[in-house]
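*Asks:* The listed protein sequences derive, respectively, from chains A and B.
Numbering-wise, the first sequence is residues 1 to 236 according to the working numbering.
Numbering-wise, the second sequence is residues 237 to 459 according to the working numbering.
It is worth saying that the hints were derived from the structure and are not from the lab.
One should not assume that every hint holds.
As the list claims (entries may be wrong) - Some chain A residues judged to face chain B by a derived CB distance under 7 Å, without partners named: (1) M133; (2) V150; (3) S165; (4) S190.
Said to hold, decoys possible - Not everything, but these chain B residues come out facing chain A in the computed CB check (under 7 Å): (5) A414; (6) V416; (7) A426; (8) Y455.
To be verified - To spell it out: a stretch of chain A is covered by chain B in this simulated footprint if at least three of its residues, at any positions, have a beta carbon under 8 Å from a beta carbon of chain B; those stretches are: (9) 54 to 66; (10) 91 to 99; (11) 136 to 145.
We put the CB at the ideal spot given by N, CA and C, even for glycine.
The lines below spell out each chain.
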Amino acid sequence: MNTNYTLGSFHKYLGWITFLAVTVSMFFIFIIAPPDVRLGIVQKIFYFHVGTAWIAFFAFFIVFIVSILFLMTRNRNYDVIAMASAEIGVLFTTIVLITGPIWGKSSWNAWWTWEPRLTTTLILWFMYIAYIMIRVSDMEWEKKARLSSVFGIIGFINVPIVFMSIRWWNTELHPVVFGEGADQTGGGISDTMLLTLIITVITFMILYFYLLKKGIAIGHARYKLDDIKDKIKNVM
Amino acid sequence: MFSVLKAIIWKDIVMEYKTKQMTSAMLIFSGLVIVIFSFAFELTFGVLEHVLPGMIWVALVFSSILGLNRSFLLEKSNDCMQGLLLLPSDRTFIFLGKFTGNFLFVLLTQMIIVPGFFIFFDYPFQGSIPLLIFVLLIGMVGFIAVGTFLAALASNSRMSDMLLPIILFPISVPLIIAGVESTSLIFQGASFAEISQWVYLILVFDIVFLVVPYMLFDYVMEV
Numbered sequence: 001m002n003t004n005y006t007l008g009s010f011h012k013y014l015g016w017i018t019f020l021a022v023t024v025s026m027f028f029i030f031i032i033a034p035p036d037v038r039l040g041i042v043q044k045i046f047y048f049h050v051g052t053a054w055i056a057f058f059a060f061f062i063v064f065i066v067s068i069l070f071l072m073t074r075n076r077n078y079d080v081i082a083m084a085s086a087e088i089g090v091l092f093t094t095i096v097l098i099t100g101p102i103w104g105k106s107s108w109n110a111w112w113t114w115e116p117r118l119t120t121t122l123i124l125w126f127m128y129i130a131y132i133m134i135r136v137s138d139m140e141w142e143k144k145a146r147l148s149s150v151f152g153i154i155g156f157i158n159v160p161i162v163f164m165s166i167r168w169w170n171t172e173l174h175p176v177v178f179g180e181g182a183d184q185t186g187g188g189i190s191d192t193m194l195l196t197l198i199i200t201v202i203t204f205m206i207l208y209f210y211l212l213k214k215g216i217a218i219g220h221a222r223y224k225l226d227d228i229k230d231k232i233k234n235v236m
Numbered sequence: 237m238f239s240v241l242k243a244i245i246w247k248d249i250v251m252e253y254k255t256k257q258m259t260s261a262m263l264i265f266s267g268l269v270i271v272i273f274s275f276a277f278e279l280t281f282g283v284l285e286h287v288l289p290g291m292i293w294v295a296l297v298f299s300s301i302l303g304l305n306r307s308f309l310l311e312k313s314n315d316c317m318q319g320l321l322l323l324p325s326d327r328t329f330i331f332l333g334k335f336t337g338n339f340l341f342v343l344l345t346q347m348i349i350v351p352g353f354f355i356f357f358d359y360p361f362q363g364s365i366p367l368l369i370f371v372l373l374i375g376m377v378g379f380i381a382v383g384t385f386l387a388a389l390a391s392n393s394r395m396s397d398m399l400l401p402i403i404l405f406p407i408s409v410p411l412i413i414a415g416v417e418s419t420s421l422i423f424q425g426a427s428f429a430e431i432s433q434w435v436y437l438i439l440v441f442d443i444v445f446l447v448v449p450y451m452l453f454d455y456v457m458e459v
């Protein structure tokens, strides 16, 4: 196995690009974008909320893809990517679940409602916490990688079913409460706000890849350490 | 091919008949659930109708976990798993065999538990009984299918009895929602047309989680 997985200079540039992008999007969020007419300054959380939600789903999608690739090729690199991406996904979902209630409190006057999107996100979070539980359980890496790949595939297949069931469940109670993001065809969002949102999403995307690269490097370092430990054990 | 399947199911049935471990544990657990629920909630007649469907599902799901946990752990002792893996057939038959075995045991306990709920809470059930049986049946097919598969997955870990509920409950959420919703509609005297949406969801879940484990089971069983 190729053990030469250091971070490299590309990672350093990526770090600077992330820094720059974050600065630009902060500028857009807090200076350029106008405060919401009804919600006022609280609405700024929208950009972080939507951005992180998008990246969380994207991260889990990557887990799904590399899980399939791992089962087909048995290449350790895919396993490392899956682990790194799942961790980032759980982190970002956690941020979504924290920013959501803060925003919800000021906009619907309730911390939490069992509305389809919220419930799905919460279940998604539980599902990938379970995925990480398999990841940290005590097994050899081949076994662990194989089993977590299987669970990564099953979990992602379950997401549309969860979404569907929850949608039916609460149809009467919660109609669409608010327009969210670009898919809502405007929904009262101004051009500057949309531009800011796009910039934020791109920023989070760069941040995701930056974190992913770090995660992959850590994963490889961990495996390398295990190899060294094995070698020492064999010598002794 | 089917002789292999038959042999696996028969082996489980014989073992269960001799030890009676799984079914007795599931039954005692469910009985205790009934007792605890009767203390936990103020169960007057009006309330009962709304709470009972959920209680039945909670009892079924939690007691099934007990059985599912054991189904693959049993094979770990005396290296029985090796024996199963040496079977001269497709490994997915192990899944199908174990699934059928677990399903039979859960069915057996269910036949005692569900009437037990009506008796102990003195609830005059007025909905359609065939419909209730049908929904509970297809619901359990899905739950046992995904449960058997994840039990096989969890059995590889040393903390499997802790891992199984954590990985199984989030995955089975759609099934439990659909099950509870359709059961409570049946309690209110709904016809098939009114619960068809939920029944279809359960059936979709059943199909997905019988087919996908069938495809992926080889990877779980690999040594």
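*Asks:* Can you name, in rising order, the numbers of the hints this structure does not satisfy?
*Replies:* 4, 6, 7, 9 and 10
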